[in-house]
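Model the full assembly from the supplied sequences, consistent with the hints where possible.
Take this note's numbering: the final residue in the sequence shown is number 1494, and no numbers are missing along the way.
Treat the hints loosely; a few may be bogus.
What the hints assert, rightly or not - Label pairs and their calculated CB-CB ranges:
| no. | residue 1 | residue 2 | range |
| --- | --- | --- | --- |
| 1 | 1442 | 1394 | 27 to 35 Å |
| 2 | 1455 | 1292 | 42 to 50 Å |
| 3 | 1361 | 1455 | 41 to 49 Å |
| 4 | 1285 | 1438 | 20 to 28 Å |
| 5 | 1430 | 1309 | 30 to 38 Å |
| 6 | 1278 | 1434 | 15 to 23 Å |
| 7 | 1401 | 1360 | 40 to 48 Å |
| 8 | 1363 | 1481 | 20 to 28 Å |
| 9 | 1290 | 1430 | 35 to 43 Å |
| 10 | 1297 | 1442 | 35 to 43 Å |
| 11 | 1274 | 1444 | 40 to 48 Å |
| 12 | 1471 | 1391 | 39 to 47 Å |
| 13 | 1289 | 1451 | 32 to 40 Å |
| 14 | 1292 | 1444 | 29 to 37 Å |
Honestly, the hints are just simulated from the structure, not real lab data. Just so it is clear, CB atoms sit at the ideal spot from N, CA and C, and this is done for glycine as well.
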Amino acid sequence: MHMSDGLINAPTSLLFGAVAAAGLAIALWRARTELDERTAPMAGLVAAFVFALQMVNFPILPGVSGHVLGGALAAILVGPYTGALCLAIVLIVQALLFADGGLSALGANITNIALIGVATGYGIAVALRPLLRGRTRGRGLAVVSFTAALAAVVAASAGFLLEYAIGGASTTSLGTVAAYLLGTHVLIGVGEGIVTAATVAAVARARPDLVYLLRTAPRPAPAPASDVAA
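Right, dumping it as structure tokens:
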């Protein structure tokens, strides 16, 4: 979801602008541990793919649009820190060149989509990663990706509700906004889950070594050698 200018007041915009700047600084520092010559091109492809998906949006509330966010998709494929940077770049380009999302709301949009969405999607994916075993690993990866994407979308919309509760500039009650926003974003999350599951599964079938969630999975401990009778 993208916020336009005027939905939250200036102090709240500044607060979450600072949160976004701090989060991206950490992501920029830690992304070096996720990228190498082999995986860096994947980050560019993910950013371009998410950019294309986010250009298809529809109105939810006055000044708020809904669309695929891509947080879980980016985190699963390229890692949480690189994923956050990819989404932040997409949001900045959209705000500056396409007027999609207000400039004063850019920090809040980055916080919701690039930080909260990515962190939630990756956290859910890691929590469910032990399910990826044996012959059902491919199917399991699709289920994990779907669940992570759905949770990420709902969490990002909850981030907006927090910002609106702190400094909403509209007269619409928080309860009314929450009921409508969360309801619509559950539906958006289902759609995003399907897109994420299909995309991650396709990449994993072709190049599982490029899927960050699989590449960083803990290796099973070797079975202990049986004692040999003397």
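Taking the hints in turn, this is what the structure says about them:
At roughly 33 Å, the beta-carbon separation of residue 1442 and residue 1394 lies within the given 27 to 35 Å, and the hint holds. The beta-carbon spacing between residue 1455 and residue 1292, approximately 31 Å, falls outside the hinted interval of 42 to 50 Å. Taken as a hint, the range 41 to 49 Å is violated for the pair residue 1361 and residue 1455, whose Cβ atoms sit roughly 25 Å apart. A hinted range of 20 to 28 Å holds for the C-beta pair residue 1285 and residue 1438, which are about 26 Å apart.
Our hint of 30 to 38 Å for residue 1430 and residue 1309 holds, since their Cβ atoms are close to 36 Å apart. For the pair residue 1278 and residue 1434, the supplied restraint of 15 to 23 Å holds, since their beta-carbon distance comes to about 18 Å. Between residue 1401 and residue 1360, the C-beta spacing of about 41 Å keeps the proposed range 40 to 48 Å intact. Take residue 1363 and residue 1481: their Cβ atoms lie about 41 Å apart, and the range 20 to 28 Å is violated.
At about 22 Å, the CB distance of residue 1290 to residue 1430 disagrees with the hint of 35 to 43 Å. A hinted range of 35 to 43 Å for the beta carbons of residue 1297 and residue 1442 is consistent with their spacing of about 37 Å. Range check, residue 1274 to residue 1444: Cβ separation about 25 Å, and the 40 to 48 Å hint is violated. Remark: the range hint 39 to 47 Å for residue 1471 to residue 1391 is contradicted by a beta-carbon distance near 24 Å.
At roughly 34 Å, the beta-carbon separation of residue 1289 and residue 1451 lies within the given 32 to 40 Å, and the hint holds. Taking the beta carbon of each, residue 1292 and residue 1444 are about 35 Å apart, inside 29 to 37 Å as hinted.
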